[in-house]
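Chemist: Please take these sequences and the hints and turn them into a complete structure.
Number of protein chains: 4
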Amino acid sequence: MSDVQDLIHDLVAANRILAHEGLCDAYGHISVRHPDNPNRYLLSRSRSPELVTEEDILEFELDGTPVEETELPLYIERPIHGSVLAARPDVMSVIHNHCAEVLPFAITATPMRPAISTARRLGETLPIWDIQDKFGDTDLLVTTNEQGHDLSVSLAGHKAAIMRAHGCTVTGTSIPDAVQTAIALRNNASAILEGLRLGEIIYLTPGEVGATSPGRVSLRGHDRAWEYLCRRAGV
Amino acid sequence: MSDVQDLIHDLVAANRILAHEGLCDAYGHISVRHPDNPNRYLLSRSRSPELVTEEDILEFELDGTPVEETELPLYIERPIHGSVLAARPDVMSVIHNHCAEVLPFAITATPMRPAISTARRLGETLPIWDIQDKFGDTDLLVTTNEQGHDLSVSLAGHKAAIMRAHGCTVTGTSIPDAVQTAIALRNNASAILEGLRLGEIIYLTPGEVGATSPGRVSLRGHDRAWEYLCRRAGV
Amino acid sequence: MSDVQDLIHDLVAANRILAHEGLCDAYGHISVRHPDNPNRYLLSRSRSPELVTEEDILEFELDGTPVEETELPLYIERPIHGSVLAARPDVMSVIHNHCAEVLPFAITATPMRPAISTARRLGETLPIWDIQDKFGDTDLLVTTNEQGHDLSVSLAGHKAAIMRAHGCTVTGTSIPDAVQTAIALRNNASAILEGLRLGEIIYLTPGEVGATSPGRVSLRGHDRAWEYLCRRAGV
Amino acid sequence: MSDVQDLIHDLVAANRILAHEGLCDAYGHISVRHPDNPNRYLLSRSRSPELVTEEDILEFELDGTPVEETELPLYIERPIHGSVLAARPDVMSVIHNHCAEVLPFAITATPMRPAISTARRLGETLPIWDIQDKFGDTDLLVTTNEQGHDLSVSLAGHKAAIMRAHGCTVTGTSIPDAVQTAIALRNNASAILEGLRLGEIIYLTPGEVGATSPGRVSLRGHDRAWEYLCRRAGV
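Protein chains in written order, with the numbering used here: chain A, 1 to 235; chain B, 1 to 235; chain C, 1 to 235; chain D, 1 to 235.
Hints should not be assumed to be uniformly reliable.
[To be verified] Coverage of chain A stretches by chain B, computed from C-beta distances (three or more under 8 Å per stretch; other residues unrestricted): (1) 51–64; (2) 87–93; (3) 104–116; (4) 160–174.
[Said to hold, decoys possible] Restricting the straight-line Cα-Cα distance to at most 16 Å, the calculated cross-link-like pairs of lysine to aspartate or glutamate (EDC-like) are: (5) Lys-134/D / Glu-208/A; (6) Lys-134/D / Glu-146/D; (7) Lys-134/B / Glu-208/C; (8) Lys-159/B / Asp-177/B; (9) Lys-134/C / Asp-56/D.
Hint data in this document are derived by calculation from the structure and do not stem from the laboratory.
Glycine included, each C-beta is placed from N, C-alpha and C at the ideal position.
Modeler: This is the structure:
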């Protein structure tokens, strides 16, 4: 049970961090798979990430049903979280956001590929999912499990997917991993947008995306970035 | 009478939000139609939105005359508010601002169309009103009811209008609606400006602009964004 | 003598405002002509605008000599202030800054012209002064009265001048006037830089630059923007 | 020994400044050569610059070995610092960062040259070092002394080097000198990126890069910028 408390603490921290770092404004959300039951996940009730507290965290089935009945307003885009967690046993945390740096890639046909070293964690490329392809004209929100499933098919084994006209969905093997991937995606987007003023972008080679320095992994127990992000967000 | 007090409270909150979110600097203003008399509206005396308090809110006739005589300095662009409220019974609140992201659309001939999901509320396109067309060389301020009327004709049934070389006028069915539309207009402008670095913009389809997810409307009673905006602005 | 105290108070406020609004960083300065002696001016000792206090303000002759001998470090670009004040009896206050939005116009050959309504105060165009033309290779600082005089010749009757590779010099009929013109210059630069992503800029017509709404002047006794700028800067 | 304490104090201040001015986020670091032993340097344990305190500063041999054995996590890119300090006796301080404005120059083939007066301190041009050239596909981190040495060969006598897909390495004759050069590099990058929207960049002439105003040097005892940077960072 203390595992759950720790995760809830980290989930609240992640909400605050996503707000503080400008990845979420009034909208966007982050979930984490339940540590005791892989078929459930934890997610805030409908509230802006900057304001989320431990009391706001609820438990959901993968189909989006709250485990305990509630009259609280819920995020209507829960299918993003449940569907990705259902399709990807390796994923422990899911972020959905619309950050300003990613939106340009969502409203043009430009593929997102890593160009800066910190974006190696994105993998070689990210898919663009267009809700229009299967569901025609919608308000672009992912509100049904069928839509969520379709997004997860497009996401496949990737770390994240760009959602046309909407934003992105980012996955992680943990809450800090998902948060740092969302930040890396943002920073990579920003570097490319600015770099294009100068000329053609030199993307990372596939070998660079896959390489790891010896000694790097062992350092991961010490998470410098997570300490930093928590402190900045006042957590 | 308590309705009026509530509206004044929200109007002050909106002033602070417009300042805090960077939509207004020293300039810009927001009005709301009087709840008891549709031929009057509430608006601050001439003061920057960041500084507006409940004591600054005055009542005006639609022609811009203050209901109670006053020696306080008044916004000289009151005709924007009165003329739009006169022409549009469906409009309850009017915002005029010059935010940095909208200005590029005011000094070029580019039409503003929604490209991101949160900008669906803008409708399919926004008109550009040029004071020069009817009034020739002016200092671009809308200082007469004739100019305000001309703006309202150009605005017609749209949610907002771009004002050439000047800024924009945004309408809402309530104060929070107007504020969130002004923010959506800003975010849409920003996404397009950045997206153009990557290539051609894929705008929303007319069907996407018009669609609404089932369940969305009922959630509107809970206004996640307004809670967030108020908290950030310290209201 | 209380006039001098008031001006010193405003000069300190202006320093803080220029820092708070991002027009000055470690560098940049603002002067005001002495109210009792048009051949002298007030300027801080060498200190970043954000840190300037009333104790830092010193009195200078137009040739840059401090009226009272001092061992305090002084801005070496004093010739900007003295030379412009000497050449322009209509000017009461001079700002020199390197703000990020103006620098692009200082490192390209693009003329600065007003495109947004609040930039009408700039006049129809601004000259670009290049220290290289008369003085060849220098470190670009205006450190001699000969250089300052040459700048003032280029400035002529304009409200401001762009200084190649360096920044700008802005004049005002008062401290608030100079500060607001420096802000308008910044905002106009920003709108043009962003607008160019969309297409050709539609600049103000000469008639628009020169026009004034009736009633506008009388409102000037009430300076909404100055109140706002002071409050934001914590003055 | 009090020299060491002063340097540690300045090193902590520099860490905070680099964070506060946006040059470092979770990553990046600054070192200083030991005042009593030119073959050693001072550097924080692995921690984000914003959080570094005097207790975090450790002493290292130029080969990256900590002088006192420690179990604290260490920056794995120490070879940047040791190798540059070994190759450049004139260098007293080294900064490594990935700031957003420099990254566009790291992911394109654009040479970085000074265009604004404050960037004269960069010298006429900066080399671009590509770890790929000698070491093939890596994760781009400089984790071996061989890689660090190769970087220092590319850096040669320059003030800084751009590191492809990664960031930059900046040198200084003192901590404040390195910090101010890193800031000048950032500001120059920003001015060029923005200036390119307007047209071709007019870079400084070689003569301008090399010139110095009489009286400038003597003022250097008074470091206006360092006072400002410390105050802003709350040091």
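Chemist: List, from low to high, the hint numbers that the structure doesn't satisfy.
Modeler: Violated hints (numbers, rising): 1, 2 and 9; every other hint is consistent with the structure.
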